[in-house]
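Okay, here's what each chain looks like letter by letter:
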Amino acid sequence: MSGILVFVEQRDGSIRKGSLEALSEAHRHAAANGWDVAAVLPGSGIEGVAAGLGAYGAGKVFIADDANLKLYSAEGYAEAVVAAAKQMTPHAIFFSATAMGRDLAPRVAAKLGVGGLADVTGLTLEGETFVARRPVYSAKAFATVDTAGKTPQVISLRPNVFSAEEAGGSAEIVKLDGLALSIRAMVKELVSSEGGEIDVAEANIIVSGGRGLKGPENFALMRELAELLGAAVGASRAAVDAGWIDHSHQVGQTGKVVSPTLYIANGISGAIQHLAGMSSSKIIVAINKDPDAPIFKVADYGVVGDLFQVVPAMIEEIKKVKAA
Amino acid sequence: MKCIVCMTHVPDTASIIRIGADGQHIDETGIKWIVSPYDEYALEEALQLTEAKGGEVTVMTYGPQRAEAGLRECLARGAHNAVHILGGEKTLGDSFAIAKVLAAAIKDREFDVILVGVKGVGTDNSQVGQMLAELLDLPHVSNVVKVEWNDGAIVAEREVEGGHEVVESPLPAVLTAQKGLNEPRYAALKGIMAAKRKPVEKVDPSALGLDEDVLAGAEATYNLRSLELPPEKQAGKIIQGEDDPQAAAAELVKLLHEEAKAF
Ligand SMILES: Cc1cc2nc3c(=O)[nH]c(=O)nc-3n(C[C@H](O)[C@H](O)[C@H](O)COP(=O)(O)OP(=O)(O)OC[C@H]3O[C@@H](n4cnc5c(N)ncnc54)[C@H](O)[C@@H]3O)c2cc1C
Chain A
0 MSGILVFVEQ RDGSIRKGSL EALSEAHRHA AANGWDVAAV LPGSGIEGVA
50 AGLGAYGAGK VFIADDANLK LYSAEGYAEA VVAAAKQMTP HAIFFSATAM
100 GRDLAPRVAA KLGVGGLADV TGLTLEGETF VARRPVYSAK AFATVDTAGK
150 TPQVISLRPN VFSAEEAGGS AEIVKLDGLA LSIRAMVKEL VSSEGGEIDV
200 AEANIIVSGG RGLKGPENFA LMRELAELLG AAVGASRAAV DAGWIDHSHQ
250 VGQTGKVVSP TLYIANGISG AIQHLAGMSS SKIIVAINKD PDAPIFKVAD
300 YGVVGDLFQV VPAMIEEIKK VKAA
Chain B
0 MKCIVCMTHV PDTASIIRIG ADGQHIDETG IKWIVSPYDE YALEEALQLT
50 EAKGGEVTVM TYGPQRAEAG LRECLARGAH NAVHILGGEK TLGDSFAIAK
100 VLAAAIKDRE FDVILVGVKG VGTDNSQVGQ MLAELLDLPH VSNVVKVEWN
150 DGAIVAEREV EGGHEVVESP LPAVLTAQKG LNEPRYAALK GIMAAKRKPV
200 EKVDPSALGL DEDVLAGAEA TYNLRSLELP PEKQAGKIIQ GEDDPQAAAA
250 ELVKLLHEEA KAF
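Keeping their order, the protein sequence lines are chains A and B. With numbering that gives the first Met the number 0, letter number 54 in the first sequence gets 53, and the count goes up by one each step, no holes. With numbering that gives the first Met the number 0, letter number 241 in the second sequence gets 240, and the count goes up by one each step, no holes.
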């Protein structure tokens, strides 16, 4: 059997969206070439959720169900992925480029003696070779790369870029038994950030604020707009470094890389290090009082004006639209 | 505590990027090179740790001649030793080859911890630390924003979507540093003067017992086909909202709702 193996990430038994995107992308390539798709799912008490992966194109799901795999460990999870890869000998192993995927993929690759293509935003298949496109130099350039003939081709896919589609199949469950788990670095606890806010890295819509907000209290305006849109709140580094909001909200070079459907930048100038984190967003909106602010160069829509007047008016208008 | 910090020397993040004549690399004319910003967090953590607990910091790079300036910068900030493995032009972006070279240079040295930046700015692979850990058979914790240093072990926090993970690991281990871990210091004049007198140990990569093919890029695991500038973006619809912000907001919301179908 040969095809594509996809690492599937779960948290408390629910499958992460990025993994479904990776699975769907694998299915699209496999279906066109008569290849198989299998998933590998480590965790504890996860047999129930494994079957659902068939709907996204997995013909087989390798499960590593073990109390020691309840929380993440690179060593434990890598053991499971490598065990599945040994059974399947795939052309490629896909990961979603989440915090977990980006941690795990290189460890798996090194175990298998190969390299990796990280955080790719485009994939095509030439024969058996994946050709990937990935942003480099703060998204000021794009590299077209492949694994130089090394297999399996270990590839992580940027979340929110590839679409997740149900393919309507069913999966055979295969248990990975007898894993030699020797875990040294082990997650003891997963602490959710206060308030259970949506994380910018996973949001479909992001309302982001910068130095133009003038003070921490004005993030309330961002939160109000965000809540209305079901969005996450993002921030520029200037706002984070001023202590107005926690670093987990920072978008950019030294923050998170995001690709939401809609990114609304309020009082953010659009420094190259900020663009590095959000230029792959599908629709970019800028609200800035400076018509020459660089953010307008990447914006699909924008308003030149005072955000303290424009944003409250937007909130009113959105409420009207929603009520209609 | 003996710390090894792996450093990579990268184009300043504000650099204007032009594509070189080969269509595969950047045109390096006029580029200012800096210590990759995440490596600064790694170095700072090592410096603070040895200041608190004693020990020494060795900073290491696999890079071309110009990367020596990056090592000098680290020495000026307080690193005790510097190791320069000369080369790397053929393995740019090939994390696995880089990790192999670093692992070969590190394996016979004494250390309690290896710190690297979560990613090298520019190539942005975020792979070398984890691969290095695997090659040296060490545990690793990546994306670290906090570390508690105990005897022979650490408790680290790593940033994940919607929160953080608390990770326990024995030492030695490899840690990859994320912003938030600390505030990197600047080099003081005294440090800069002192750094000029500190030796930089030069290592010939071909003496590391590695397969020649790895160094020559013939064993590549990352093949760069081409490098392009991003496609020109079409000019957006920009509404003047200085005089009538209410009307501008209404138009924007209409466009987002009806044209872009963004919500
Ligand atoms: C190594 C490195 C890494 C970096 N990483 C990041 C990163 O991850 N993320 C990041 O964001 N930055 C990063 N930066 C910093 C970056 O260079 C900029 O300094 C930062 O993005 C600026 O934030 P800002 O746009 O909020 O502030 P400014 O550049 O000060 O812009 C504020 C904007 O608000 C507008 N404004 C002011 N008042 C109003 C008003 N009432 N209404 C409307 N508009 C208004 C102004 O016109 C201006 O355009 C990094 C820098 C370096 C060197």
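Read the hints as simulated data drawn from the structure, not as lab findings. Note that CB positions come from ideal geometry on N, CA and C, so glycine has one too. It cannot be assumed that every hint is accurate.
[Said to hold, decoys possible] List of simulated lysine-lysine pairs, BS3-like, C-alpha gap at most 25 angstroms: (1) B:K145 <-> A:K69; (2) B:K197 <-> A:K281; (3) B:K201 <-> A:K296; (4) A:K318 <-> B:K106; (5) A:K85 <-> A:K187; (6) A:K321 <-> B:K236; (7) B:K201 <-> A:K110; (8) A:K174 <-> A:K213; (9) A:K110 <-> A:K174; (10) B:K260 <-> A:K16; (11) A:K85 <-> A:K213; (12) A:K213 <-> A:K288; (13) A:K288 <-> B:K89; (14) B:K260 <-> A:K321; (15) B:K31 <-> A:K281; (16) A:K16 <-> A:K318; (17) A:K319 <-> B:K89; (18) A:K149 <-> B:K145; (19) A:K288 <-> B:K145; (20) B:K260 <-> B:K31.
[Said to hold, decoys possible] Sample of chain A residues at the chain B side, in silico, Cβ under 8 angstroms: (21) L180; (22) K187; (23) L261.
Point to revise | Agreement of hint L180 (chain A) with chain B interface, Cβ distance less than 8 angstroms | key: violated (13 angstroms)
Exercise for review: Would you check the hint for K85 (chain A) and K187 (chain A), treating anything up to 25 angstroms between C-alpha atoms as holding?
Suggested key: Violated. K85 (chain A) to K187 (chain A) sits at ~29 angstroms, over the 25 angstroms cutoff.
Check your understanding: Does the structure keep K174 (chain A) and K213 (chain A) at a Cα separation of 25 angstroms or less?
Key -> Given pair K174 (chain A), K213 (chain A) is violated - Cα atoms ~55 angstroms apart, limit 25 angstroms.
Point to revise | Holds or violated: K110 (chain A) to K174 (chain A), with C-alpha atoms at most 25 angstroms apart | key: Roughly 21 angstroms separates the two Cα atoms, so the pair holds.
Point to revise | Restraint check for K201 (chain B) with K110 (chain A), where alpha carbons must lie at most 25 angstroms apart | key: violated (29 angstroms)
Review point. Is the hinted pair K149 (chain A) and K145 (chain B) satisfied, with a Cα-Cα distance of at most 25 angstroms?
Key: Violated, because 36 angstroms separates the two Cα atoms, which is more than 25 angstroms.
**Study point:** K319 (chain A) paired with K89 (chain B) [C-alpha distance capped at 25 angstroms]
**Key:** It is violated: about 59 angstroms lies between the C-alpha atoms, which goes past 25 angstroms.
Practice item. Hold the hint about L261 (chain A) up to the distance rule: shortest CB distance to chain B must be less than 8 angstroms. Key: holds (4 angstroms)
Review point. Within a Cα-Cα threshold of 25 angstroms, do K288 (chain A) and K89 (chain B) meet the stated pairing?
Key: violated (46 angstroms)
Point to revise | Restraint status (C-alpha distance of K16 (chain A) to K318 (chain A) at most 25 angstroms) | key: violated (29 angstroms)
Review point. Taking only the CA atoms, is the gap from K260 (chain B) to K16 (chain A) under or equal to 25 angstroms?
Key: Cα-Cα ~22 angstroms, so holds.
Review point. Hey, K31 (chain B) versus K281 (chain A), does the alpha-carbon distance stay inside 25 angstroms?
Key: Not satisfied, since the Cα-Cα distance of roughly 32 angstroms exceeds 25 angstroms.
Consistency with the previously given hints fails for numbers 2, 3, 4, 5, 7, 8, 11, 13, 15, 16, 17, 18, 19, 20 and 21, ordered from lowest to highest.
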